[in-house]
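Enquirer: So you can see what is in the structure, the chains are spelled out below.
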Amino acid sequence: MISIRSLEFYYRPGEFRLNIPEFSVTKGEKVAVIGPSGSGKTTLLNLIAGLMTPLKGTVSVGEIQVSGLDDRERRDFRITNIGFVFQDFELLDYLNVFDNVLHPYRITGALKLDKEKRVRATTLAQDMGIGDKLKRNSNDLSHGEKQRVAICRALLPQPKLILADEATGNLDPDNKGLILDLLFQSVEDHGATLLAVTHDYELLKRFDRVVDFRQFEGHDK
Amino acid sequence: MFDTFYIAWRYVSFNKIKTATLVACVTLISFLPLSLQLLLEESERQLMSRAVSTPLVVGAKGSSLDLVMNTLYFDDEVPELITVAASNSVMDSDLALPIPVYARFQARGNPIVGTTLDYFDFRGLRIAQGRQLAVLGDCVLGAKVADSLDLKPGDSLVSSPETLFDLAGVYPLKMKVVGVLEKSHTSDDLAVFVDLKTGWVIQGLGHGHEDVTKLRDPTLVLKRTEKNVAATAKLYHHTEITEKNIDSFHFHGDLAQYPITAVIALPHDDKSGTILRGRYLSREETQQIVRPEDVIDGLLQNIFRIKNVLDAVISVVALATILAIVLVFALSLRLRQREIQTIFKLGCRRATIARLLSAEIFIIVIMSGVFCGALIFLVNQFSHDLVRMLFIR
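Chains A and B, in that order, are what the protein sequence lines are. Residue numbering for the first sequence is 1 to 221, as defined by our numbering. Residue numbering for the second sequence is 1 to 393, as defined by our numbering.
None of these hints come from the bench; they were simulated from the model. Virtual Cβ for every residue (Gly too), placed ideally from N, Cα, C. Check each hint, because a few of them may be wrong.
[Claimed, not checked] A few chain A residues that don't get close to chain B, going by computed Cβ distances all over 12 Å:
id	residue
1	LYS56
2	GLU63
3	PHE77
4	ARG78
5	LYS160
6	LYS176
7	ASP200
[As the list claims (entries may be wrong)] With a straight-line Cα cutoff of 25 Å, these simulated SDA-like cross-link-like pairs (lysine to any residue) come out:
id	chain 1	residue 1	chain 2	residue 2
8	B	LYS345	A	ARG120
9	A	LYS56	A	ASP212
10	B	LYS345	A	GLY191
Let's have the full structure, built from the sequences with the hints guiding it.
Expert: Okay, structure coming up:
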C-alpha cells in the first residue's frame, strides 16, 4: 500500500534530516510509528499525504507515485485517498458535528456531496456513538467525542489510507482504548490501511506492526 | 459556491460580536455620507422652493439671513424690527403688494405669525376646518400645530410669555382657535397665524381694560384731568378677548409706527421689482430689500462648502475604519492559521480558502448594505420632517 524508497528530506540544510532507505506498509495493515519527538514521524505522514515533497527518493501509495504528482494532483490524491486524524481533532468550532463530518465535501470540488453521503455521514456517526449529537456544536463535545467526529470526517470519503497523528494523545486512558477500537473497527470495515504515529506504548501490542523511527534519524554532516 | 457561502455564513453567525461590530462599522461609514447627502439635498429643495416663491422681503438693515429665515421659516432669531410705515411705503410706491409679517412671539413652542389675509392668498393656504381670521384674538393654526397640540376650531391657545420672571413683560393672551389650515408641507404647517393687531395685543401695545373714566377706586387712578385719566399699574388688563370685552381693546398712538419684523413685497412685474430694489440702495436707508433666493443660495453655498469639509473628514474616517477592518481581518487570519492549515491538509485549495474568506467579507458587506439601505430608506421617508427638525422650522 505504501512504498518508500531512498527518501531524503530536510527543512533547512544543516538541520534535521530524514533518511528512509526503504519503508513499506501492505494493504489492510495497521502500523504504529514510534520515536522521540522531532524524529520525523509527522514529516513522514505529510510526505505520504503529499503535503510535502521529498528532496530525493520516491513515495508511492498504491499505484500512485505521490512524489511525482504536481500540486493539484497531490491535492486531489489527498482528498480522495487519505483520511487524516489529528491529535487536537482540528474540528471547526463554528460548525456543528454533522457539518464538521461533511466539511471535506464542502471545501473541494473533487468530492461530491449528495444525499447518499449525508446518509453515510449519519450512519458513520451512529456507528461511532455520536449519532444523537449531530446538531451539537463541536465545542460542546468531550475530547473522546471530538476524536470520534474527526474519525468520521476522515472515513467519510472512504479513503484507502488513514494517517493518524497522535490520535489518542489528548484522550484519557478509557477513551484511548475505545477510540482505538473504533478506529481499528472502521479501518477493517472499510478495508483501509492505518499508519498511526503514537507515543502510547501500551497500545502498541494492538497494531500489526510497530516501526521505531530512530532507525531513520540522521543529521546533515 | 453554495457550500462556500454556507461555511462562511456559519462562521459569521458563530462569531456574532465580531460580525456585529464589523457590520456596524461598515454600515455607519456608508450610512453617514449618504444620509448627509440626502438630508442636504432635501434641505436645499425645501429652502429653495420657499425662497424662490417669495420675490422680495423688506426688513431692517442687518443680517439678511436672519431676516429671510424669520420671514420665510419663522426662525426664532428675530431681526431688528421695522414699522408698519415700511409696508405703507411699499404700498404707496405702487410697485408691489406689501404683506406685513410680525413673527416674534410663540405659543407652546410654535411661532405666532401676525400678518394680513393677503398672506394666505399669496401662499395658497386654504382653511381645512373652521374659518379665516375675522376678529381680534382669533388665530388660525397650521396643520401640524393643530395635530401636535390636538386643537380644533373652538379651542383656545395661550401665547407664551416672553420672559417668565419679568413681571412687566408680555402677558400671555388667550387666543381663540377659529380655523385649521390644510397641510402645505412648509413652515406654515408649524405656525399659529393671527391678525397683526392681535400680535400687537400679545406684545401689550394694544390692550383692553375697564373704562378708566368710570373708576371709583382711588388706588387705580394715577392722575385725572378733564381730558385724560392716567391709571395705575394695578388696573386689570384683559388677557382674553371675548365678545363682551372686545370693545374695550384699543391701540394708543399711530398704527403706522407699530412694529413688524418684515414686509413681503410682491412686485407687479420684473421692472417694478427692480425699481423697488433700487429704492433701498441709498446708504442712508435704514431698511434693506433682499431676494430670498439670493440669500438662501448664499446660505447653501456655505452649507455645501462645509459639506465638502465634512466629506473630507468622513473620507478620512472611512479610510481609517477600512484600515481597522483590514487589520481585524489580518489578525483574524493569524488567529485562524491552524484552521486554515487543517482545511488545507484535508485537501482544500488555497484559492478555496481565499474564496471562503472573501465570502465572509461579502456577507458582512451585504449585511451592512441591507442595514444601510434600511436606514437610508427611513431617512428618506422622514427626510422632510428631519430637515425641518434639524435645519429649518
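Enquirer: Taking the hints in turn, state whether each one holds.
Expert: Now for the hints, and whether the structure bears them out:
Distance check for A/LYS56 against chain B: the nearest CB is about 24 Å away, which clears 12 Å, and the non-interface claim stands. Interface exclusion of A/GLU63 from chain B stands, the closest Cβ pair being 19 Å apart, more than 12 Å. Distance check on A/PHE77: its Cβ comes as close as 9 Å (rounded) to a Cβ of chain B, failing to clear the 12 Å threshold; non-interface status is violated. At the 12 Å boundary, the C-beta of A/ARG78 falls inside the reach of chain B, the nearest C-beta of that chain being 5 Å off.
The beta carbon of A/LYS160 is kept farther than 12 Å from every beta carbon of chain B, the shortest such distance being approximately 14 Å. Look at A/LYS176: its CB is around 22 Å from the nearest CB on chain B, clear of 12 Å, so calling it non-interface holds up. For A/ASP200, the shortest C-beta to C-beta distance to chain B comes to about 22 Å, beyond the 12 Å cut-off, and the non-interface label holds. Straight-line distance between C-alpha atoms of B/LYS345 and A/ARG120 comes to about 22 Å, which keeps the hinted pair within the 25 Å bound.
Pair hint A/LYS56 plus A/ASP212 holds up; C-alpha atoms about 22 Å apart against a cutoff of 25 Å. With a C-alpha separation of about 22 Å, the suggested pair B/LYS345 and A/GLY191 falls inside the 25 Å cut-off, and the hint holds.
Taken one by one, the earlier hints fail for this structure at numbers 3, 4, listed in ascending order.
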